[in-house]
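Just so you know, the sequences run in chain order A and B.
All residue numbers for the first sequence refer to this note's numbering, where the first residue is 1 and numbers rise by one.
All residue numbers for the second sequence refer to this note's numbering, where the first residue is 1 and numbers rise by one.
Read the hints as simulated data drawn from the structure, not as lab findings.
Model, not experiment: these values are computed from the prediction.
Please note that the accuracy of each hint is not assured.
Copies of one chain are not kept apart here, so a pair can be met inside one copy or by any two copies together.
Unchecked claim - In the SDA-like style, the derived pairs of lysine to any residue whose C-alpha atoms are separated by at most 20 Å in a straight line are: (1) K400 / L654; (2) K439 / E290; (3) K193 / F239; (4) K439 / D366; (5) K288 / Y445; (6) K609 / S346; (7) K245 / S283; (8) K342 / S648; (9) K72 / Y549; (10) K269 / P69.
Number of protein chains: 2
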Amino acid sequence: MNLKQKVSRRKFVSSAVSASAISVLPGSQQFLREFSGAIRTRALEQNPVPLTTTPAWRDQGILNLAKSPYAKLHSVPVHAVTIEAGFWSLRRETNVNASIPSMGKLLEVNGRMDNFRRLKGKSSAAQRGPVYSDSDIYKWIEAAGFALQSGELPELRTTVDKDIHEIVAAQQADGYLNTYYVQEHAAQRMEPKTQQHGHELYCIGHLLQGGIAYYRATGDRTLLDAGTRFVNEFLVPNFGPGSDKKPLFSGHPEMELALIELYRLTGDKRQLELSGYLLAGDSRIHFKPEDYVYHFCGVPFTSRTHLEGHAVRAMYACCGATDYYLETGDQTYWKTLNVLWKDLVSAQMYVTGGVGSRSDGEAFGDPYELPNARAYGESCAAIGNMMWNWRMLAATGEAKYADVIERALYNGINSGMSLNGALYCYRNPLAFDPSRGDKIRNEWYDTTCCPPNLERTLASLPGYFYSTSDEGVYVHLYDNSQLNWHLENGTGLTIQQKTNYPWEGSVELTVATAEPVEFTLFVRIPGWTDTARVAVNGKAISDAIAGQYLPIRRRWSGDDTVRLQFNMAPQILEANAQVTENNGRAAVQRGPLVYCMEQIDQGEGVALKDVALSADKASSGRFEEKFDNDLLGGVLVLRHAGTVHEESADRSGLYFSHDAAPPKSRPVQLTFIPYYAWANRVQTPMQVWTPVARA
Amino acid sequence: MNLKQKVSRRKFVSSAVSASAISVLPGSQQFLREFSGAIRTRALEQNPVPLTTTPAWRDQGILNLAKSPYAKLHSVPVHAVTIEAGFWSLRRETNVNASIPSMGKLLEVNGRMDNFRRLKGKSSAAQRGPVYSDSDIYKWIEAAGFALQSGELPELRTTVDKDIHEIVAAQQADGYLNTYYVQEHAAQRMEPKTQQHGHELYCIGHLLQGGIAYYRATGDRTLLDAGTRFVNEFLVPNFGPGSDKKPLFSGHPEMELALIELYRLTGDKRQLELSGYLLAGDSRIHFKPEDYVYHFCGVPFTSRTHLEGHAVRAMYACCGATDYYLETGDQTYWKTLNVLWKDLVSAQMYVTGGVGSRSDGEAFGDPYELPNARAYGESCAAIGNMMWNWRMLAATGEAKYADVIERALYNGINSGMSLNGALYCYRNPLAFDPSRGDKIRNEWYDTTCCPPNLERTLASLPGYFYSTSDEGVYVHLYDNSQLNWHLENGTGLTIQQKTNYPWEGSVELTVATAEPVEFTLFVRIPGWTDTARVAVNGKAISDAIAGQYLPIRRRWSGDDTVRLQFNMAPQILEANAQVTENNGRAAVQRGPLVYCMEQIDQGEGVALKDVALSADKASSGRFEEKFDNDLLGGVLVLRHAGTVHEESADRSGLYFSHDAAPPKSRPVQLTFIPYYAWANRVQTPMQVWTPVARA
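Chain A extracted, bound-state conformation (with noise of 0.2 Å):
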């Protein structure tokens, strides 16, 4: 059935329930809308949109980039890699046993179920919450969706089948839905003044994200349709550029990448279409010089020149028009995409991989602004940043854009989850003096917008590690791990890894593949290390760089063994002189993790406000290491020497004479742990950045 054919089916269907209903019952126009819609929903199952078999659901990666033309490398599916014990393991069966489950529960304590429910007359509680805060619930079940790729939850999976149920119910028979712009606010719906601040692209966005991650688990394309709908018969036959529709502003890009993934599974060229459209922004709509600004969205992302406005919008965008790249090739997306991400890495981004400075506005700062105790550094933004150089990284095979990956993932999004996964970071900031009465982790939000985003993307890991492209096979993310999948041309290939990262730099792959076959492995060589050593089945390989992919072009046999071995000493690092905060200060790197002090730490009348790093060519680097089992979870401690200030920086004057004699320092020995892991004992100050002591 072509699309002409289900519309007029549609108001035909709508038409005879209403002669009939309208007379029978009380409050009829509602029951109509509500019957009419039950009846749609219906007969989109019974008539789906067609869906892509290239590769098969269950086959699909994060992204389904098997027939996009720009995309160099290709997705692995989240089922076809089991991480296993290790650093991460520990991460997800936190993330898939307490994170999942109580923020599952949190949503339905804070009212965002009773949200649909609430139309259907089966909850009689107000609407609660902002106006996205579908997006909460859809995002969760994105988490949800991820979490079943990797294996069985009947438990999850009962609780997340009824919310489906119960929000697709919600959906209006025009194909709209929202709980937020109906009844009282229903006059409010798709305004442009709406469409602003209303979130409601954003909210089937997330929907979208949500159905495709629930479809790729379970083969269940329920919430999926609905979705479809909205686009297909809601935004398609009503918005968009041409003169007998109604303009589009995204408000909070997330439309455009969704809309690119259905585009993905659907073939429809409308969905890619109406995603350029969203990118390029329509005249016809009118805000504030600084609304374009802020929105991110609403001019040509082309005339883009740098990162601006809220960090997780324009994080999005970047992540929106990377996909509209990888499907169409445009070129001068492709000119944009390399200037703004030139502005993130060397002007926007906090050594923890953490975006967005400012508090105010959730944004980018001025170039260089980085504060490290004002630091905003939202999880979502952090996790908006990993999203869109996975994308860059599609695109290109060029390890830069793993590198940042892997600095967002290990810090500035790590950092946002609590050890025990009941506690989430909104802000991540690179310094905290909890004496301003700030708590930091929290159980919830009523913007709960970062806690279901930690948890679709520690949940959707395992589809980071590796990708495949017509040469083979790129190894991205190392940890005990097993990949049970195939090259391009179809040979079974598994890759067992083995390895203490990221306690430790050495990690041993061992290669089988299904029958001897000739291909490159792609094995990243992290852009941090200064020296990596890589030996095939015990025969040292030459020419690996830090920062690229080290290309094994060999025919495998079998039980090959891949060594790698990459130096994880600590690093002292500095940050360009423009970062003023920093002048003076460094901060402290192990592999990828970036290293902070909490004050809890150090010794006794030890205040961080008055230590310095000894950091002289003498002593620069003479890190002591220990690994504390009992330490958080398990983690590696570093300890350096430094001083500490007789006198309190607390007890000297604000301003005074530069050839005053220096404050009197005493030797101390300065304990560091990882950023990741800050704020999960005791209210304590932190800092990542510490003043090197005076030579």
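Guided by the hints, dock chain B onto chain A, whose structure is given.
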């Protein structure tokens, strides 16, 4: 006539007019209000509130502290001090001849006076400007008032007289006066929500200050009487603590200090009590906790423990609280004021005397949150800082307050007005990069609070030079000038200052009394000097201590000469380690002037972001000094050795190893100009704090 009689007379007049007017006139209710208002004004003119004659109106200083029981120092009237050719005379002349007249015209052009005329049917223009626009007119009248205290300015006086006439005509029958909360906004008048952001009391506070300054200049009490009516007839009977009265919320502190200055004129204790009531807050009005932070009012002033929230609000609240202390001696206020002052100077004040570092909320930041490029440092807040310290100085006679006044006046306030007097800063950052498109000096702001605030401050400047006490005379500020006044015992006194301050550190004071008399001359030894030599009639006096008044008690008998010599060698300053943006950086100060670098003054190809100051022991402080008559109205230029990176920071990475070779540098001579004079040529980068070159 006492108040009761007045009120009943008003009622009688109003209703008499009402009966006849309603039947004959269209829009009669409006007419009635205006007509009865006119009658009321005449009534007050005929029966004015008695005003103090201690001293006579023309001899009252900026604050009339003559009868304030807890004032140790007493003001000297503005007219008693004539500033002669020198540093401040240039600024004052520009202010009187350029700034005040041009701002008067801009206020006209932008409809600020039409707002008043509109209410009398003399303008058909719609209300223009933000809700607080009346205050800009009042502040400008205050500037004119102070200018007129120094001498005749017939044209200015004619304009102001006309303005005042039009302002008081807009006062309503019940004493209320505001051009925004009338007509379509009349229902919101003085509602609790309006009190939060409506600035009704704030506007009247400025009306009172303007009316008082104009009265002290001319003896004309028209505007002052309108303000008194607002207080005595509208506020006092209807608002306040009793259960029969409605509660007040100050919203933007200002009324607190204006009420007390009014009380100093009228002796009417109700005005002092109303100020105390505003300072204590009324618990019947409920806002969110963060509102009490932002507004810096509504909860007892004496419950404050640190500076926070909107900086101008906080500074004005501190002014009001100090005024309240000066009248009542309330020790809980005094304790709080000292806690807040310590917070100011130890953790919240820029080296320029600017305060309020955050653009978001125009607010104080956390302790030591003093960013440079992103400094807000609103001109009004620096002025508030000076006003507060003037009151603290009056309470104590301690020079540490005069040090803050001098720092703010010469730097963070003085920077606020361009050298030609036509452009104003709202923000006063300590570093600037014009590539972001910011324009820092502008002729007009729709919120034009700062320009007339700068104008009233410069116009009142002579009143800040001296104070008297029962022991003698205090000398606070140094510039060529003549004092023509008397001791508190009535003995005539002149002091002639001859100096090239702040360019040179020598000051000659010629003290002459009408007859030989013993008193103490308290000469201020600035806190910034390391050595000060003082001699009376050529005979050295010991015990001069920086940051204190040197009391010279003797019998002064005629033309006695006091010579002061302050060491004005340029100093390199550092900031407390907790001011993270200044770690590893230094600022240059010479005498009271903070210096900065502008890119335009450095060598070809020397970018400010790449320079460092060579401040090791060998070269530190070896400044070359040269007075340049043709530069920036005549400034002393400093030069000091520095370095510039051969490779610009723009081209280096965001993060790099501490062990990497430091960037190559070459020596360069750096040029510094006084901070107040920045941004008076072209748009060019500027910075106050410069990295110190590594040894």
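Hint-by-hint comparison with the structure:
Proximity of K400 and L654 under a CA criterion of 20 Å is satisfied inter-copy only: 14 Å between copies versus 42 Å inside one chain copy. Taking the shortest alpha-carbon separations for K439 and E290, only the inter-copy value of 16 Å comes in at or below 20 Å, while the best intra-copy value is 31 Å. Taking the shortest Cα distances, K193 and F239 sit within 20 Å of each other inside one copy (15 Å), while across copies they are farther apart (40 Å). For the homomeric pair K439 and D366, the shortest alpha-carbon distance between copies (16 Å) is at most 20 Å, but the shortest distance inside one copy (27 Å) is not.
Within a single copy, K288 and Y445 get their C-alpha atoms only as close as 30 Å, which misses the 20 Å cut-off; across copies the closest is 18 Å, which meets it. In this assembly of identical chains, the alpha carbons of K609 and S346 lie at most 20 Å apart only when taken from different copies (15 Å versus 28 Å within one copy). For a Cα distance limit of 20 Å, the shortest separation of K245 from S283 inside one copy, 13 Å, qualifies, whereas the shortest one across copies, 54 Å, does not. Only between protomers do K342 and S648 lie at most 20 Å apart by alpha-carbon distance; the minimum there is 17 Å, versus 40 Å within a single protomer.
In the homo-oligomer, the alpha carbons of K72 and Y549 lie at most 20 Å apart inside one protomer (14 Å), although the nearest pairing across protomers, at 77 Å, exceeds that limit. Only within a single protomer do K269 and P69 lie at most 20 Å apart by alpha-carbon distance; the minimum there is 14 Å, versus 83 Å between protomers.
When each numbered hint is compared with the structure, no violation occurs for any of them.
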